[in-house]
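Protein chains in written order, with my numbering: chain U, 1 to 741; chain C, 1 to 360.
No lab work stands behind these hints, which were simulated from the structure alone. Please note that a few of the clues may not be correct.
Quick list of simulated restraints, FRET-style, between CB atoms [claimed, not checked]:
| no. | chain 1 | residue 1 | chain 2 | residue 2 | range |
| --- | --- | --- | --- | --- | --- |
| 1 | U | G150 | C | L282 | 44 to 50 Å |
| 2 | C | A293 | U | V496 | 23 to 29 Å |
| 3 | C | K31 | U | A501 | 28 to 34 Å |
The beta-carbon is built from N, C-alpha and C at its ideal position, and this holds for glycine as well.
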Amino acid sequence: MTINSTSLTVIPPVAGPTPELVLRRTRILRLPRSPKVIAGLVILVLFGLLAIIGRWIAPYSPNATDQQHWVQHVLVPGTGAATGFPASYYPLPLPPSAAHWLGTTVFAQDVWSQLLAATQATVVVGLLAAAIATVLSVLFGVTAGYLGGGADEGLSLIANVFLAIPGLPLLIVLADYVPSAGSSVVLVASIIAVTTWAYTSRTLRAQTLSLRNRDFVEASRVMGEGRLRIILVEVLPNLVPIVAASFLFTALSAIGAYVAIAFLGLAGSPTSSPPGLWNWGEMLREGFANNAVRGGWWWWWAPPGLCIALLGTGLALLNFGIDEFINPRLRTAGLSRKTARKAGIGTRPKLGMTPVAHHPPVAVASVRTVAEASRLRDTAEPVLEIRGLSVDYGYDEEAVHAVVDCDLVLRRGQVLGLAGESGSGKTTLALAAIRLLRAPALISAGQVLFHSKPISGDGPAGTIDMLSATDDQLRAIRWSEIAVVLQSSLNALNPVITIGAQFDDLLRVHRPALAESARWARSGALLDMVGMNADRLRSYPHELSGGMRQRAMIAMAIALEPQVMILDEPTTALDVVTQREILQELIGLRDRIGFATLFITHDLSLLVELADEIAVMYAGRLMERAPATSLFHAPRLPYTYALLHCFPPMHGPRVPMEGLKGSPPDMRDLPPGCAFHPRCQWALPRCRQEVPRLAPLNGSPREVACWLHREGTTVPPELAQPEPASMRPRRPETVGQAGGT
Amino acid sequence: MNLESAPTPTSVAPVRAVLEGRGLTKSFWVKQGRSLLARKTRVHAVEDVSVRLDAGRVTALVGESGAGKTTVARLLAKIIRADAGELFLDGRPAPPGRPRSYAAQVQMVFQDPFASLNPVHRVGHNLVRPLQIHHIADGDIDATVADLLRRVALKPPDTFIGKFPHELSGGQRQRVAIARGLAVRPRVLIADEPVSMLDVSIRLGVLNLLADLRDREKLAILYVTHDIASARYLADTIVVMYAGQLVEAAPSVSLTDRPAHPYTQLLLAAAPDPDRVEAPALAGRGAPPSLLAPPSGCRFHPRCPYVMEICKSQVPPRVAVAADHSAACWLHVDPNNRRITVNGSVAPARDSSDQRNQER
Ligand SMILES: Nc1ncnc2c1ncn2[C@@H]1O[C@H](COP(=O)(O)OP(=O)(O)OP(=O)(O)O)[C@@H](O)[C@H]1O
Ligand SMILES: Nc1ncnc2c1ncn2[C@@H]1O[C@H](COP(=O)(O)OP(=O)(O)OP(=O)(O)O)[C@@H](O)[C@H]1O
Ligand code: SF4
Ligand code: SF4
Ligand SMILES: [Mg+2]
Ligand SMILES: [Mg+2]
C-alpha cells in the first residue's frame with residue numbers, strides 16, 4: 001500500500017450501528033420512493049393486470065383462425081401453373097388493423113389475443129415457479145442453517161447436487177420426460193422450480209447461519225424458546241428482504257427458462273394433444289419457424305420479444321431496489337447534485353477533499369486574533385489553529401450540524417485531548433480540519449491555519465490556510481506533516497503486502513533520497529521505536545495481533561516525522577495493558593520527535609492522565625477547555641463535572657455515583673439554547689433559549705461555555721472548586737522549543 | 001469482609017450460594033484454514049474455573065479480551081456444555097441439558113444491546129414471550145410487562161411497549177434486555193459486559209440498576225467486564241481471569257487495593273486512573289498467549305516479572321493469601337518465600353531481575 005493521504009479517507013460511522021438486515025418500518029415505507037423501484041413496480045403491475053383480465057379483453061380465441069382473411073395467400077416462387085410444379089402458397093399474415101390490433105399470424109390467428117393468453121401463462125408460470133422454489137429454498141436453507149451439524153451437511157449436499165447439475169439441460173430432460181407438462185401451468189412451474197431453488201437455498205443458509213449466532217437468537221434460546229418458534233418468529237422475519245429479492249430473481253430466471261424451453265419446442269404446442277399453453281416462447285417459436293423475421297412481419301415476433309424484455313427489466317429493477325435496501329452501501333453516500341447546486345456549493349465529490357462552502361469563511365463572531373488567543377496560554381507557539389469551524393452533513397434543511405463554531409489551538413509538543421460522548425462531533429472536527437471528510441460533509445464556516453515548520457524532509461514551510469489549500473498542497477502536508485491514526489486503522493494496513501513493503505513504499509515516495517538498504521534500516525528502527533521487533537517487517541498484517549497492528553500504524557504515522565499527529569481513539573479496541581504500553585510509547589516518541597498530538601477519546605479518565613490540555617465537546621460544540629489538571633480537579637462546566645463522575649475511582653471508599661441522567665442528544669433534533677440543558681442539574685431559564693459561547697474565565701488559562709459563569713449568577717460550589725495549587729509538572733518546556741526551533 | 005459500604009450495603013442475611021460452577025473446563029475445536037479438509041485444532045478457552053454466585057451479591061469476572069469470560073458466562077447459563085466440571089444450583093447438581101426450569105432460574109444479558117434485541121420485534125414482544133413460555137403472570141400479562149419496564153426504570157411503560165429497538169437509545173435497549181432477563185423471575189442474572197457498548201455517560205445508570213436489583217430482589221449477579229474500575233464500583237467480589245484460568249478472587253476493595261497476583265497487579269497498573277501522578281510502571285508487558293498452545297504451568301509465566309522455575313511446569317494451586325482472598329500463584333505457596341508481605345500483596349521483588357537472569 002502506498003500510504004498517501006487519500007487512502008485514509010474515512011467517513012465516520014453514523015452514531016449507532018445499523019444492522020444490515022434490519023426490517024425497519026420506516027425503511028420499508030421508503031423503499032417505493034426510489035425511481036427504480038417505482039418503474040419496476042409499474043411494469044410488474046401492468047403485466048399482472050394483463051395476466052388477470054386478459055381472458056376477458058381478448059377479442060378472439062388465441063387458436064381461432066380468421067376464415068375471412070385466410071384466403072390471402074402468396075404464391076411460392078417456382079411453383080404454379082407455368083413451372084410444372086403444383087402451385088404452393090405462403091399464407092400471408094395481416095398487418096395491424098382495426099380488426100386485429102397487432103395483426104395476425106400466418107395461420108390468420110389474432111396476435112393480440114395470443115399475446116394476452118401467452119402473458120397470462122408466462123406470468124403465472126414465472127410467479128408460481130418462483131413461489132415453489134422460494135418455499136423449497138426457505139425450507140432447505142433455513143433448516144440447514146439453523147440446525148447446523150449433520151442436518152446441515154445432508155441438506156447442503158442435496159442443494160449442492162442440484163446446483164452442480166446444469167439447469168437448462170436438466171430442464172430439457174425433465175420437460176422431455178413429462179411430455180404432457182406443457183399443458184399444465186403447475187407442472188411446468190414445478191419442473192422449473194426444481195431446477196432453480198438450490199441457488200437461493202444456499203444464500204438463505206448462509207444468512208441463517210450468521211443470524212443463528214446473533215445475540216437475539218441466543219437470547220431466545222436462553223429464554224427457553226422452542227426451536228420452531230425461534231426459526232419462524234425470530235429468524236425468518238429478518239430474512240424477508242432476502243427472500244423477497246430471491247423470489248424476484250427466481251421469477252426472472254423462471255420466465256427465462258419457460259421461454260427457452262417453449263422456444264425449443266419442449267413445452268408442448270397449443271395445437272397438439274394435449275394442447276400446450278400459449279406463452280411468449282411458443283409465440284416466438286412459431287414466428288421464427290414460419291419466417292416471420294425474413295418476411296418482415298414484425299407485428300408477430302416483436303410483441304412477445306418486447307414483453308420478455310420489459311418484464312425482465314421490471315423484475316431486475318425491483319430486485320435492484322431491494323438489493324440497495326438490503327445493502328445500504330450501494331445507496332449513494334452523497335446527496336444529489338441538484339440539492340448541492342441549489343445550495344450554491346460546488347461539490348464535485350473528490351476523494352479526500354472535504355468541500356468548503358463558497359461563501360467566505362471569514363467574519364465568524366468568535367474568531368480571535370492569534371495574538372489574543374496566545375495570551376491565554378503562551379507556553380508554546382501554535383501549530384494548528386482552528387477558528388470558528390462549522391461542519392455540516394448534508395445541505396439545507398436536511399443538514400446535520402455536526403460541528404458548530406469550534407475554536408481549537410494545538411501547540412507544538414502539546415497533547416491536546418478532545419473528549420465527549422459518542423456522536424458529539426470529535427472525529428468530524430479533527431478530520432474536517434485537515435479536510436479528510438468526504439461529501440456529504442461540508443465545511444460551512446471557519447478557518448484552519450497550519451503553521452508548518454517541517455521537522456525533517458522537504459515539506460512546505462510557513463502558514464497554510466487549510467480550507468483554501470489546493471489538492472497538491474494538502475497532499476504534501478498530509479501524512480508527512482500531519483499524520484492521522486484512526487480506530488479503524490486496525491484494518492487500514494494492506495493485507496496482502498508485508499509490513500516492511502508498506503514502509504518501503506511510504507519512504508520511497510516521500511524520501512526519494514534514501515537508498516533501499518537505508519529505507520529497510522529506517523523501517524526497522526521505526527518498529528523498534530514503537531516496541532516491536534524489527535523481524536516483524538517480514539510479517540503480513542494478519543499475522544499480527546490487534547495491538548501490534550496499531551503499533552505498526554503508529555510507526556508508519558511517525559515515519560516521516562510529522563509535526564502533528566491526530567489520534568482518533570487509537571486504542572479503544574485494545575486491552576488496557578496494550579493500550580497503556582502504546583500510550584507510553586507514544587508519549588516517549590512525542591518527547592523525542594516533538595510532534596503535537598490531538599488525542600480523541602471518549603475516555604476522559606485516560607485523557608486526564610495523558611493530555612496537557614483537554615477540550616470537552618457536547619453536541620457539536622466545544623464547551624470547556626482547560627489544562628488537564630484544572631479540568632479534573634476543578635471542572636467549571638456542569639457537563640464536565642457530570643462526565644468526570646461517570647468514572648468510578650480506583651481508590652478510596654466506594655460511594656454511589658449518579659452518572660448523567662437522560663440520554664445523549666439527537667444531533668438531528670437538538671434542544672434549543674444550551675444543548676445540555678435537559679440533562680443539566682443547574683440549568684437556568686436562559687439556558688433554554690440562548691446558546692452560551694466559549695469565553696475565558698477571568699484570569700485563568702481556561703474557557704467555558706456556560707451561563708452559570710456569567711455575571712449575576714451564583715456558581716454552585718461543585719463548579720467553583722479552587723484551581724489545583726501546583727500544576728502537575730508536565731513535559732519540560734524544552735519540548736515546545738525542540739519542535740519550535 | 002471489609003467492604004466499605006459500597007454503592008449500597010450488602011445484606012446481613014447469611015450468604016447462600018445460588019449457582020456454583022466447579023472446575024469448569026471448555027475447549028473449542030476450530031478449523032485452521034478454510035478448506036474442507038483443514039486440520040482442526042483445539043482452543044483451550046477455559047480451564048478449571050470455579051465461581052460461586054451468592055444471593056444478593058454481585059460477582060465480577062474481570063479479564064482481558066480472550067481471557068474466557070464470555071465462555072464462563074455461557075457455561076453458567078448452559079448455553080454451551082462444559083467438557084469437565086459441574087454446576088450446582090442451590091447446592092444440588094444442576095439438571096442435565098437445558099430444561100426450562102433452569103432457564104427460569106438463570107438468565108443472561110448480552111454485551112451488545114444493538115444485537116441482542118431482534119430488530120423486527122417490538123419491546124412488548126420481548127417481554128411477553130418469556131412470560132408465555134414460563135406461564136408466569138397468569139392472565140394479567142399487560143400489567144406484568146408494565147411492571148417489568150418500571151423495574152428497569154423505563155417510565156412510563158406505555159410509551160415503550162410499542163417501540164422497536166431502533167427507536168431506543170443504547171441504554172434503553174440494555175434496560176429492555178435486562179427486563180427480558182428479569183421477566184422469568186430468575187434468581188441468577190448473568191450479565192456479559194452489559195455496559196461496554198454503551199456510552200460512558202449512561203453506563204453508571206445501568207450499573208446502578210444492577211446494584212438496585214441485587215439489593216431489592218436479592219438477585220445473584222455475575223458481572224462480566226474488562227473494566228476493573230467498574231467492577232470495583234459494582235461488585236462485592238472480583239474474580240480475575242487470565243488466558244482461561246482463574247488467577248485471583250477476593251472482595252472487590254481488597255483485590256483492587258492489595259492485589260496478590262502479578263497479573264492483577266499489571267491489570268491495575270494499566271487501568272486509567274486520573275488520580276495517578278506518575279506514569280505507572282508496567283511489570284509484565286506483552287500480550288496474552290495463544291490459547292491454541294497455551295504456556296505450560298502458569299499461563300502468565302512468559303510475561304511474569306517474578307517467574308520461577310516451578311511456574312514453567314506446574315500449574316499453581318489456589319492459595320488463600322488473606323481471608324476470602326485467594327490467588328493462584330507459586331509466589332504465595334512457599335511460606336518461606338520472603339516476598340509475601342503481611343497484607344498479602346507482593347512487594348516489588350528486589351531480586352526479580354537477578355532471578356530472571358539466573359533462570360536464563
Ligand atoms: N456521513 C454522515 N452523514 C450524516 N451524519 C453524519 C455522518 N457522519 C457522522 N454524522 C453525524 O455527525 C455527528 C458527529 O459524528 P462524529 O463521528 O464526529 O462523532 P464522534 O464524536 O467522533 O463520535 P464517536 O465517539 O462515536 O466516534 C454524529 O451525530 C453523526 O451521527
Ligand atoms: N464458539 C467458539 N469457537 C471457537 N473458539 C471460541 C468460541 N468461543 C470462544 N472461543 C475462543 O475462546 C477464547 C475465550 O473467548 P471468550 O469469548 O470467552 O473471551 P472473553 O474473555 O469473553 O473475551 P472478550 O472480552 O473479547 O469478550 C478466545 O480465544 C476465543 O477465540
Ligand atoms: S449553560 Fe445552562 S444548561 Fe448549559 S451547562 Fe451551563 S447551566 Fe447547564
Ligand atoms: S505462578 Fe509464577 S509465573 Fe505465575 S504469576 Fe505466580 S510467580 Fe508469576
Ligand atoms: Mg469518532
Ligand atoms: Mg466476551
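Here's how the hints hold up against the structure:
no.: 1; hint: U/G150 - C/L282: 44 to 50 Å; in the structure: 49 Å, holds
no.: 2; hint: C/A293 - U/V496: 23 to 29 Å; in the structure: 27 Å, holds
no.: 3; hint: C/K31 - U/A501: 28 to 34 Å; in the structure: 29 Å, holds
Checked against the numbered hints above, the structure violates none of them.
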